[in-house]
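Q: Chain by chain, the residues run as shown.
Protein chains: 2
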Amino acid sequence: MDIAILLYDHLTALDAIGPYETLSRMPGATVTFVAAEPGPKRTDNGRLALVADATFADLPHPEIIVIPGGPVEGLPMRDEPTLDWIRTAHESSQWTTSVCTGALILGSAGLLDGVRATSHWRALDILRSLGAEVADERVVFDGRIVTAAGVSAGIDMGLTLAARIAGDETAQAIQLGIEYDPQPPFDCGSPAKAPKAIVDLLLALRDEGAERAAAPVTS
Amino acid sequence: MDIAILLYDHLTALDAIGPYETLSRMPGATVTFVAAEPGPKRTDNGRLALVADATFADLPHPEIIVIPGGPVEGLPMRDEPTLDWIRTAHESSQWTTSVCTGALILGSAGLLDGVRATSHWRALDILRSLGAEVADERVVFDGRIVTAAGVSAGIDMGLTLAARIAGDETAQAIQLGIEYDPQPPFDCGSPAKAPKAIVDLLLALRDEGAERAAAPVTS
Numbered sequence: 001m002d003i004a005i006l007l008y009d010h011l012t013a014l015d016a017i018g019p020y021e022t023l024s025r026m027p028g029a030t031v032t033f034v035a036a037e038p039g040p041k042r043t044d045n046g047r048l049a050l051v052a053d054a055t056f057a058d059l060p061h062p063e064i065i066v067i068p069g070g071p072v073e074g075l076p077m078r079d080e081p082t083l084d085w086i087r088t089a090h091e092s093s094q095w096t097t098s099v100c101t102g103a104l105i106l107g108s109a110g111l112l113d114g115v116r117a118t119s120h121w122r123a124l125d126i127l128r129s130l131g132a133e134v135a136d137e138r139v140v141f142d143g144r145i146v147t148a149a150g151v152s153a154g155i156d157m158g159l160t161l162a163a164r165i166a167g168d169e170t171a172q173a174i175q176l177g178i179e180y181d182p183q184p185p186f187d188c189g190s191p192a193k194a195p196k197a198i199v200d201l202l203l204a205l206r207d208e209g210a211e212r213a214a215a216p217v218t219s
Numbered sequence: 001m002d003i004a005i006l007l008y009d010h011l012t013a014l015d016a017i018g019p020y021e022t023l024s025r026m027p028g029a030t031v032t033f034v035a036a037e038p039g040p041k042r043t044d045n046g047r048l049a050l051v052a053d054a055t056f057a058d059l060p061h062p063e064i065i066v067i068p069g070g071p072v073e074g075l076p077m078r079d080e081p082t083l084d085w086i087r088t089a090h091e092s093s094q095w096t097t098s099v100c101t102g103a104l105i106l107g108s109a110g111l112l113d114g115v116r117a118t119s120h121w122r123a124l125d126i127l128r129s130l131g132a133e134v135a136d137e138r139v140v141f142d143g144r145i146v147t148a149a150g151v152s153a154g155i156d157m158g159l160t161l162a163a164r165i166a167g168d169e170t171a172q173a174i175q176l177g178i179e180y181d182p183q184p185p186f187d188c189g190s191p192a193k194a195p196k197a198i199v200d201l202l203l204a205l206r207d208e209g210a211e212r213a214a215a216p217v218t219s
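Protein chains in written order, with the working numbering: chain L, 1 to 219; chain V, 1 to 219.
Just so you know, not all the hints are guaranteed correct.
Calculated pairs, DMTMM-like style, for lysine to aspartate or glutamate (alpha carbon to alpha carbon, straight line, at most 25 Å) [said to hold, decoys possible]:
| id | chain 1 | residue 1 | chain 2 | residue 2 |
| --- | --- | --- | --- | --- |
| 1 | V | Lys193 | L | Glu169 |
| 2 | V | Lys196 | L | Glu169 |
| 3 | V | Lys196 | V | Asp125 |
| 4 | L | Lys193 | L | Glu133 |
| 5 | L | Lys193 | V | Asp187 |
| 6 | V | Lys196 | L | Asp168 |
| 7 | L | Lys193 | V | Glu169 |
| 8 | L | Lys196 | V | Glu137 |
| 9 | L | Lys196 | V | Glu169 |
| 10 | V | Lys196 | V | Glu137 |
| 11 | L | Lys193 | L | Asp136 |
| 12 | L | Lys193 | V | Asp168 |
| 13 | V | Lys193 | L | Asp136 |
It is worth saying that the hints were derived from the structure and are not from the lab.
The following block holds chain L by itself, in its conformation from the complex (with noise of 0.2 Å):
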């Protein structure tokens, strides 16, 4: 079973690295990371590099799709080799898939419309104006197509899908062998459960954060 995923300068990489741990433990699966052009792709903050391997003419059918996010400001929603490929490999997979605003970049190749999906609790609206249903859920699945909420939603994405496809005891055996029994430090991972406090000091970082990921990439 052929898993691609995308790469692209600016993501971030928990959202590509969550649905790639969990899937591709499912036995036959194998995954490759896949851009526009190949060689290595700096994340967010600039600090590092994923290499894709394959260029979109490489992969146009896989099984799977996985599409990350990353700071809005720097996703290809107008990149039209990118939304081209997807659109093509989305008319034969078996699963069309994002992590938090990955879902963005789906909805900007027009596989929205009318489908109930999620993204990052930040990036909702925007998600909604691009013509999706808006269900403010971890991972959420509307036919073929699934969306996970923000970042780390991609592992229980990933753990989810790989039940659906190879079982629970398998989906079972992966999520014991990343020994992922999860203990958060705090109970605040959703704007429902952060105070306002918290809420606003995210917001503060993300500028910052954001004024990085608008940085020049010289990889």
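Got chain L; can you put chain V on it based on the hints?
A: Showing chain V alone in chain L's frame:
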């Protein structure tokens, strides 16, 4: 604050990305991926390369060291340049950390003698043989040495350490930023919770993965 994350061929990606995605969001943090030789390092299944931008000589004295793990047979436990860098960096580091079997590398460098530490649940016997006082907990602090359990535990470790360094509010904002409100589809992420049949199935899957990890790396 300089944070150096070790890369090497056959590492497990999420081991490195969990701490990266959390610690890099602290104000003033600068993360650099380091290796004996710069360039792409292939992960355990060979399907992804992460790029090391710096050599050990470029970062002899980071404030934080992060040692990710991977399948035991691929760990640089006898690689003297790696062990020397860890020993030297640890002399002046504020925090020396590991995720998963990264603790076995710390132990091989002689840093865990009599130290309370943890690792992936399958590696605890080896960890003990390296002199550590094994603590079967998800994140273990002993002085300035911090070790995390398997793979995904690096997210919890990163957030817990961020709270120590930058304060609870900043760590909470980081947790909200990565929307870390985990909802695993199963409650089997540790051997204490998983049925024996799932443990057995994992061992079969892991053996297959170990064969992949032992294959030649061409990066």
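Q: So, for every hint listed, does it hold in this structure?
A: The hints, checked one at a time:
| no. | hint | in the structure |
| --- | --- | --- |
| 1 | V:Lys193 x L:Glu169 | holds (14 Å) |
| 2 | V:Lys196 x L:Glu169 | holds (11 Å) |
| 3 | V:Lys196 x V:Asp125 | holds (19 Å) |
| 4 | L:Lys193 x L:Glu133 | holds (23 Å) |
| 5 | L:Lys193 x V:Asp187 | holds (22 Å) |
| 6 | V:Lys196 x L:Asp168 | holds (14 Å) |
| 7 | L:Lys193 x V:Glu169 | holds (14 Å) |
| 8 | L:Lys196 x V:Glu137 | violated (32 Å) |
| 9 | L:Lys196 x V:Glu169 | holds (11 Å) |
| 10 | V:Lys196 x V:Glu137 | holds (20 Å) |
| 11 | L:Lys193 x L:Asp136 | holds (13 Å) |
| 12 | L:Lys193 x V:Asp168 | holds (15 Å) |
| 13 | V:Lys193 x L:Asp136 | violated (29 Å) |
The structure is inconsistent with the numbered hints 8, 13, although it conforms to all the rest.
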